[in-house]
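Novice: Residue numbers (the working numbering), protein chains in the order written: chain A, 1 to 296; chain B, 1001 to 1317; chain C, 2001 to 2449.
What the hints contain is simulated information worked out from the structure, not anything from laboratory work.
Hints should not be assumed to be uniformly reliable.
Computed list of lysine-lysine pairs in DSSO-like fashion (alpha-carbon distance at most 27 Å, straight line) [claimed, not checked]: (1) C:LYS2119 / C:LYS2064; (2) C:LYS2408 / A:LYS63; (3) B:LYS1142 / A:LYS282; (4) C:LYS2118 / C:LYS2137; (5) A:LYS255 / C:LYS2439; (6) A:LYS255 / C:LYS2089; (7) C:LYS2064 / B:LYS1098; (8) A:LYS63 / C:LYS2248; (9) B:LYS1075 / C:LYS2298; (10) A:LYS179 / B:LYS1233; (11) A:LYS41 / C:LYS2079.
Bear in mind the structure is a predicted one, so any value in this text is a computation, not a measurement.
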Amino acid sequence: MEVKTSSVMGFLGPFLILVLAFYFIPVILTVILSFTSMDYKLSWDFTGFTNFEHFLTQSLTYKVLLTTFVYVALTLIFNVGIAFLLALMTTYFTTHENTAMFFRAIWLLPRLTPVVVYCLLWMWIFEPTQYGLFNTILSLFGKSSSIDWFSSYPMGVIVFANGFIGASFGMVTFSSAIKSISRDYIWSAQVDGAGDWQIIKRIIIPMIKWEIMYIFIWQTLSLLNSYVYILILTDGGPLHETEVWSLYAYHKAFKYMEFGNGAALSLFLVIIGIIFTFISWKIFGFRKMMGQEVSR
Amino acid sequence: MKGQTPRGATQVIPKRAIYSLKRKKKKERRAQEVRGEAVTFSRRNEIISTIIMTIISIPIFLSYLWLFLSSFSAKMWHGLIPLKFTLHNWRFLWQPIKFGAVMHTSIWPITLNTLLLALAVTISEVLVSTLSGYALSRFRFKGRVMIQGMTMLLHAFPGVALLIAIYYVLYTMRLLDTLWGVMLVKISLEIPMSTNIIKGFFDNIPWDIEWSSFVDGCNRWQTWRYVILPLLKPGIAAISLFSFLSGWGEFLYIYTFIFTSKKQTLATFLNSLIGEFKFVDYGLLSAVATFYMIPTLLFFIFTQKALLQMSFGGRKA
Amino acid sequence: MRKFGVLLGILLIMAVGIFAVTTVTIKIEGVGSPADTTRITNFGDAVKIANNILAACDSPYRIKIETTWFQGGWDEYRKEYILAFKAGKEPDIRAEGHEDIPWMADAGYILPLDKYVKKYNDIAYYDVYPSLWDAVKFNGKIYAIPQDTEARPLYFRKDVLRKLGWSEEKIANFPKEIEAGNVTLDDLIAIAKEAVNKGLVEYGFLHRPSNGGFFTMMYYDFGGKLFDEAGNLIVEEKPLLNTLQFFKKMVDEGVLPSSMTNISWRSIHKAFVEGRSLFWFGGTWHWAEWQRVAYHSKLGALPESYEWENIGFALNPPPEKGGKPITMSHPFTYVVSSHTKYPELVNLLLAVVSSPKFLVNHALASGHLVTRASAAIYPSYVKNKFVASVTPMLKYTTVLPNNLAFKKIMDPLYGAVQAVELGKLSPEKAVKWFEEEVKSAIPNIKIVK
Chain A
1 MEVKTSSVMG FLGPFLILVL AFYFIPVILT VILSFTSMDY KLSWDFTGFT
51 NFEHFLTQSL TYKVLLTTFV YVALTLIFNV GIAFLLALMT TYFTTHENTA
101 MFFRAIWLLP RLTPVVVYCL LWMWIFEPTQ YGLFNTILSL FGKSSSIDWF
151 SSYPMGVIVF ANGFIGASFG MVTFSSAIKS ISRDYIWSAQ VDGAGDWQII
201 KRIIIPMIKW EIMYIFIWQT LSLLNSYVYI LILTDGGPLH ETEVWSLYAY
251 HKAFKYMEFG NGAALSLFLV IIGIIFTFIS WKIFGFRKMM GQEVSR
Chain B
1001 MKGQTPRGAT QVIPKRAIYS LKRKKKKERR AQEVRGEAVT FSRRNEIIST
1051 IIMTIISIPI FLSYLWLFLS SFSAKMWHGL IPLKFTLHNW RFLWQPIKFG
1101 AVMHTSIWPI TLNTLLLALA VTISEVLVST LSGYALSRFR FKGRVMIQGM
1151 TMLLHAFPGV ALLIAIYYVL YTMRLLDTLW GVMLVKISLE IPMSTNIIKG
1201 FFDNIPWDIE WSSFVDGCNR WQTWRYVILP LLKPGIAAIS LFSFLSGWGE
1251 FLYIYTFIFT SKKQTLATFL NSLIGEFKFV DYGLLSAVAT FYMIPTLLFF
1301 IFTQKALLQM SFGGRKA
Chain C
2001 MRKFGVLLGI LLIMAVGIFA VTTVTIKIEG VGSPADTTRI TNFGDAVKIA
2051 NNILAACDSP YRIKIETTWF QGGWDEYRKE YILAFKAGKE PDIRAEGHED
2101 IPWMADAGYI LPLDKYVKKY NDIAYYDVYP SLWDAVKFNG KIYAIPQDTE
2151 ARPLYFRKDV LRKLGWSEEK IANFPKEIEA GNVTLDDLIA IAKEAVNKGL
2201 VEYGFLHRPS NGGFFTMMYY DFGGKLFDEA GNLIVEEKPL LNTLQFFKKM
2251 VDEGVLPSSM TNISWRSIHK AFVEGRSLFW FGGTWHWAEW QRVAYHSKLG
2301 ALPESYEWEN IGFALNPPPE KGGKPITMSH PFTYVVSSHT KYPELVNLLL
2351 AVVSSPKFLV NHALASGHLV TRASAAIYPS YVKNKFVASV TPMLKYTTVL
2401 PNNLAFKKIM DPLYGAVQAV ELGKLSPEKA VKWFEEEVKS AIPNIKIVK
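Isolated chain A, as found in the complex (with noise of 0.2 Å):
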């Protein structure tokens, strides 16, 4: 239907407003804010590039990186395995489809769940005293004292409490990924007397590669910013162990008020964002277009 723009604007006003605000206005003063030295004063210094210098120079920074580096590898390769797992066993696996349908929904729970409240029960897990589940377990098994696991194992910490709840977003996208692979090779590979192992090799894997390339990706950028649930759980603390780059810039804008700082911190996860943004609307994107539906 050819309509003028003027109607248009009636409906998509709204939308692109709040885009707007809330978007393109925040890229914009991103940018220009890491170039000034804004701080509790809110006031507008710029400084050129000392914020950037200043992070260059210090050692901390690096310390963050390889901090990023290895909670984002770590947790997505927790979250994508389980899911795939989750996703093989609910569906390859399983034929009942009520036990498919209990796992999944289990998995799904954590999703749904209030973050305060999903924090809470990595606390309890976690708790570093004979009460919590994990130390409970331990003991079960004959180890009398207790593990502080947020002083010794924090990384372990977001690690868990982070993958779980990815988990079920690539759950949902490979189980219907795989349930539609049609039947047909699956027999046919089994006719050929092809074993469980190859078939998911030979089969499964390479038919579902698109979705795992977009989960993969997806994921990425999600931790990178994601930082909620360790704010919460362990701050980022002890020293720095769990300080990942959002959280740092997060830090430097609301803890010490270095809103100039922050923005400058945060200026390379807007810039990886928008890559990452581009590089799926590329490769997802366009098949979408095409009009082959593709799995979000």
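For this one, chain A is given, so just place chains B and C on it according to the hints.
Specialist: Frame of chain A; chains B and C shown alone:
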């Protein structure tokens, strides 16, 4: 089996609109029959995989169970097995929590704040995304492809990276420390996604249907009300559900943009309780948390089947 | 006719001005331990007196107050003010630790109060201890009204010492021995070790689990200075190393839990009031807090008699024999927003709330010390045994510096202590780590080797 849809078509929601429930059931049954022929030699693997799934699901399963049980028990054996039933942990429902000389605010106004925020987010998100989804699906205008591309770009773009700048935007708009401000930020970062979903639904409603109802003498409103809306319902339901839950559970924006204690929500309330009682009064904490989980659990129990069939990416905080 | 109308209008406005009473709302916000709420509830009575004064002077204004008690950490409290200020939603009066005055004053968030201090000097401020005025000054101007002060004693369990075979006399003399410099920090460790080894207590020591003045006090105790003669901010390496080694030694000797900074406030208090820890590096306000918060699993909130029977307090011993013991005060103050519409009314209210009655009320309810000489001779204050026993500690007191950059030293100091306790860094490496952190935050800081 359900996998009759073309490969890669995992964005099931639009499809669901067209499938009648009956047809789906039938398909499921057929799927099981079909698979039944193939399972003869993977019985052992099935058992193994069920065991593995059970083991890796233990933390999730037990922690939610613990949350519920410990809210009703005075004492837990090793923090796991409830020993004595009590309602003491739920006292916050009828009296404010007291800590020394400090009285916490009563939970009810905070719950109301949370509910209002969640509802406001839901309603405005549905409105805005239905309007824009309709426009993108039905109108041909200059810049349509560009805007459509933009919704897809933005739906992958992480809004939290912009938090510092958004703070400044809210400051300029005089919306800091208001739940309206939080609501606007929240829906803005979610509408690219929901617009895409709704657009998918409109795309699947043939233009002919709309057209024929015009021909039959319906006016625009009647067409909308009796023809389009019923077909759109699953999509709106999906968006409402997710936006409600994400508004209900929102933490970061409230933690960052709200600083009047009267305007806090259950998320920041629970967080401040954790701060004070860290690692100790799990009874009270779990009761407040269970209370906070009620809507989540209701939705979960009543809609999980539907939930499992829709793709819901991008809702990560 | 028109002139008449104008005249009538002017008359009407004047009439309203004279007879009508405008009630203005003054917002007040406070923060502190769970027993500190008198910091703001005092205003409830003070506002009545202030309104009587206003009525007596035929003022057209009356005051209504709106109070909030902040629940959250110090960083959040800071952030809240900045954001609220910029949004025009900040309270008119706010309770602040004195060390926050520099940045607030520097950014123009709070009013200089010299004018008002002068105005109300003869009734409310003439006898405020001079050292407290120093604590509220920035660039030579007074930015806040001192509200309370305190000491940070070392608490010990008398019952545990008894079980160790100490005589009542020896226990009673213990604080004096410390004051005389006859007991060192190492001696404390030895006593604690004995108690732990004999199974009398679970912990030898407990200290605060979050950042605070305590760690700076220990640095002072080991002779550390924060300023050179020219008044520049410095950090001395050797005292810092010694401080960290002290924490390391406590952990190594098994008298301090290595995860000290991960233990909640609640469990710490619980452990100490139940006698499961011999020493507690606390503050005078804890004495009141234990009487008000039910930390003890059997007794609930402690009766004061139980405290006198089982808990003692002393100065913090020096590291070496013959040294000077130490404590620290952290004066709390009221600051006034520079946006306030009614600076006169706000300051009247502050003058009223600074009267001895309210200061004493707060001090006794929350375990703090008063800020004025006339309050110190108030009958109920004089009679109070606890206050009488801790007031002499002020001779040995120290304060945190009022310096803009100081927070950037305090945070890494806490981090270094945490690292050493958790065994993540050796004291030597922690010093290195500390220096890196501080240098990156304050590029021109001088580190004295």
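Novice: Against each hint, give a clear statement of whether it holds in the structure.
Specialist: A quick look at each hint next to the structure:
1. C:LYS2119 / C:LYS2064: The given pair, whose Cα atoms are some 23 Å apart, holds under the 27 Å limit.
2. C:LYS2408 / A:LYS63: 19 Å, holds
3. B:LYS1142 / A:LYS282: Roughly 22 Å between the alpha carbons, so the hint for LYS1142 (chain B) and LYS282 (chain A) holds.
4. C:LYS2118 / C:LYS2137: Satisfied, since the Cα-Cα distance of roughly 15 Å is no more than 27 Å.
5. A:LYS255 / C:LYS2439: 19 Å, holds
6. A:LYS255 / C:LYS2089: 20 Å, holds
7. C:LYS2064 / B:LYS1098: 26 Å, holds
8. A:LYS63 / C:LYS2248: 25 Å, holds
9. B:LYS1075 / C:LYS2298: Roughly 15 Å between the alpha carbons, so the hint for LYS1075 (chain B) and LYS2298 (chain C) holds.
10. A:LYS179 / B:LYS1233: Holds, because 25 Å separates the two Cα atoms, which is no more than 27 Å.
11. A:LYS41 / C:LYS2079: Holds, at roughly 12 Å.
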